[in-house]
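Participant: Sequence:
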Amino acid sequence: MASSAPSSSNATQDPTPTNLRPTRFLQRNNSLEDKSRIVSSLKERQSSKNLLACENSEKESRFRRAETDFSNLYARDLLPAKNGEEQTVQFLLEVLDILLNYVRKTFDRSTKVLDFHHPHQLLEGMEGFNLELSDNPESLEQILVDCRDTLKYGVRTGHPRFFNQLSTGLDIIGLAGEWLTSTANTN
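The sequence shown begins at 1 in UniProt numbering and counts up one residue at a time.
Keep in mind that a hint or two might mislead.
[As the list claims (entries may be wrong)] Beta-carbon label-pair distances, calculated as ranges:
#1 Val113 / Asn83: 40 to 46 Å
#2 Asn185 / Ser110: 21 to 27 Å
#3 Arg65 / Asp108: 20 to 26 Å
#4 Asp69 / Asn136: 27 to 33 Å
#5 Asn185 / Leu133: 23 to 29 Å
#6 Phe116 / Asn72: 33 to 39 Å
#7 Arg109 / Thr183: 30 to 36 Å
#8 Gly169 / Ala66: 18 to 24 Å
#9 Asn185 / Leu114: 38 to 44 Å
#10 Ser134 / Asp171: 16 to 22 Å
#11 Thr183 / Arg76: 16 to 22 Å
#12 Asp115 / Asn72: 28 to 34 Å
#13 Phe162 / Asp97: 33 to 39 Å
[Stated by the list, open to error] Distance condition first, Cα-Cα at most 25 Å in a straight line; then the derived SDA-like pairs of lysine to any residue:
#14 Lys152 / Asn187
#15 Lys112 / Asn72
#16 Lys152 / Thr111
#17 Lys112 / Leu100
#18 Lys105 / Phe162
#19 Lys152 / Asp69
#20 Lys152 / Pro80
#21 Lys82 / Leu100
#22 Lys152 / Leu100
#23 Lys112 / Thr157
#24 Lys105 / Thr186
#25 Lys82 / Glu141
#26 Lys152 / Pro119
#27 Lys105 / Arg64
#28 Lys105 / Lys82
#29 Lys112 / Ile173
#30 Lys105 / Asn187
#31 Lys82 / Leu93
#32 Lys105 / Ala75
#33 Lys152 / Ala75
#34 Lys105 / Pro80
#35 Lys112 / Gly84
#36 Lys82 / Thr68
#37 Lys112 / Leu122
Keep in mind the hints are simulated off the structure, nothing from the lab. Every residue, glycine too, gets a C-beta built ideally from N, C-alpha and C.
Could you build all of it, start to finish, from the sequences and the hints given here?
Facilitator: Here it is, written out as structure tokens:
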């Protein structure tokens, strides 16, 4: 582990740099004064976070969910189209809602790892499901339906009862990183 400050003697150096030590609150020998000071500083941090959240919520009020009819909207109506910001935000909020529901259900042990259906059952039972490529573009509503169906009928590799030698489940931090890199990498 790298130390935070160079030292000439490694024998007397604390193996845990100051910035990596657990908070003093977790140490057993804290006095009552130390504990009250730590608690008050945590409360102060929390109140400043709440203030920041209020400031951000006022600035970002346009990101509130609104009822949007996606049946008459297409990919051409999203950004970078002129006046496409609102539709883009609402569409991405819907996609995010689909993904968050999937993540929540992934960790639910009462759900199935796979909702298995034979191919002919999928063709009969899924609304709007078609393997033929259309000459016309699909509406955003159909894209959202396809996203839900894809996640519904796919294998939940993050499920606690999914076992595979190459999979360790769903890592939330990794998922957030993947969303971040997918958004930033436009290639």
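Participant: With reference to the structure, classify each hint as holding or not holding.
Facilitator: Checked hints:
{"no.": "1", "hint": "Val113 / Asn83: 40 to 46 Å", "result": "holds, 43 Å"}
{"no.": "2", "hint": "Asn185 / Ser110: 21 to 27 Å", "result": "violated, 36 Å"}
{"no.": "3", "hint": "Arg65 / Asp108: 20 to 26 Å", "result": "holds, 24 Å"}
{"no.": "4", "hint": "Asp69 / Asn136: 27 to 33 Å", "result": "violated, 18 Å"}
{"no.": "5", "hint": "Asn185 / Leu133: 23 to 29 Å", "result": "holds, 27 Å"}
{"no.": "6", "hint": "Phe116 / Asn72: 33 to 39 Å", "result": "holds, 35 Å"}
{"no.": "7", "hint": "Arg109 / Thr183: 30 to 36 Å", "result": "holds, 31 Å"}
{"no.": "8", "hint": "Gly169 / Ala66: 18 to 24 Å", "result": "violated, 35 Å"}
{"no.": "9", "hint": "Asn185 / Leu114: 38 to 44 Å", "result": "violated, 30 Å"}
{"no.": "10", "hint": "Ser134 / Asp171: 16 to 22 Å", "result": "violated, 37 Å"}
{"no.": "11", "hint": "Thr183 / Arg76: 16 to 22 Å", "result": "holds, 20 Å"}
{"no.": "12", "hint": "Asp115 / Asn72: 28 to 34 Å", "result": "holds, 31 Å"}
{"no.": "13", "hint": "Phe162 / Asp97: 33 to 39 Å", "result": "violated, 23 Å"}
{"no.": "14", "hint": "Lys152 / Asn187", "result": "violated, 28 Å"}
{"no.": "15", "hint": "Lys112 / Asn72", "result": "violated, 34 Å"}
{"no.": "16", "hint": "Lys152 / Thr111", "result": "holds, 11 Å"}
{"no.": "17", "hint": "Lys112 / Leu100", "result": "holds, 17 Å"}
{"no.": "18", "hint": "Lys105 / Phe162", "result": "holds, 13 Å"}
{"no.": "19", "hint": "Lys152 / Asp69", "result": "holds, 23 Å"}
{"no.": "20", "hint": "Lys152 / Pro80", "result": "violated, 30 Å"}
{"no.": "21", "hint": "Lys82 / Leu100", "result": "violated, 29 Å"}
{"no.": "22", "hint": "Lys152 / Leu100", "result": "holds, 13 Å"}
{"no.": "23", "hint": "Lys112 / Thr157", "result": "holds, 11 Å"}
{"no.": "24", "hint": "Lys105 / Thr186", "result": "violated, 29 Å"}
{"no.": "25", "hint": "Lys82 / Glu141", "result": "holds, 20 Å"}
{"no.": "26", "hint": "Lys152 / Pro119", "result": "holds, 14 Å"}
{"no.": "27", "hint": "Lys105 / Arg64", "result": "holds, 24 Å"}
{"no.": "28", "hint": "Lys105 / Lys82", "result": "violated, 37 Å"}
{"no.": "29", "hint": "Lys112 / Ile173", "result": "holds, 24 Å"}
{"no.": "30", "hint": "Lys105 / Asn187", "result": "violated, 31 Å"}
{"no.": "31", "hint": "Lys82 / Leu93", "result": "holds, 19 Å"}
{"no.": "32", "hint": "Lys105 / Ala75", "result": "violated, 28 Å"}
{"no.": "33", "hint": "Lys152 / Ala75", "result": "holds, 23 Å"}
{"no.": "34", "hint": "Lys105 / Pro80", "result": "violated, 33 Å"}
{"no.": "35", "hint": "Lys112 / Gly84", "result": "violated, 38 Å"}
{"no.": "36", "hint": "Lys82 / Thr68", "result": "holds, 18 Å"}
{"no.": "37", "hint": "Lys112 / Leu122", "result": "holds, 17 Å"}
The structure fails to meet hints 2, 4, 8, 9, 10, 13, 14, 15, 20, 21, 24, 28, 30, 32, 34, 35 from the earlier list, while all remaining hints are met.
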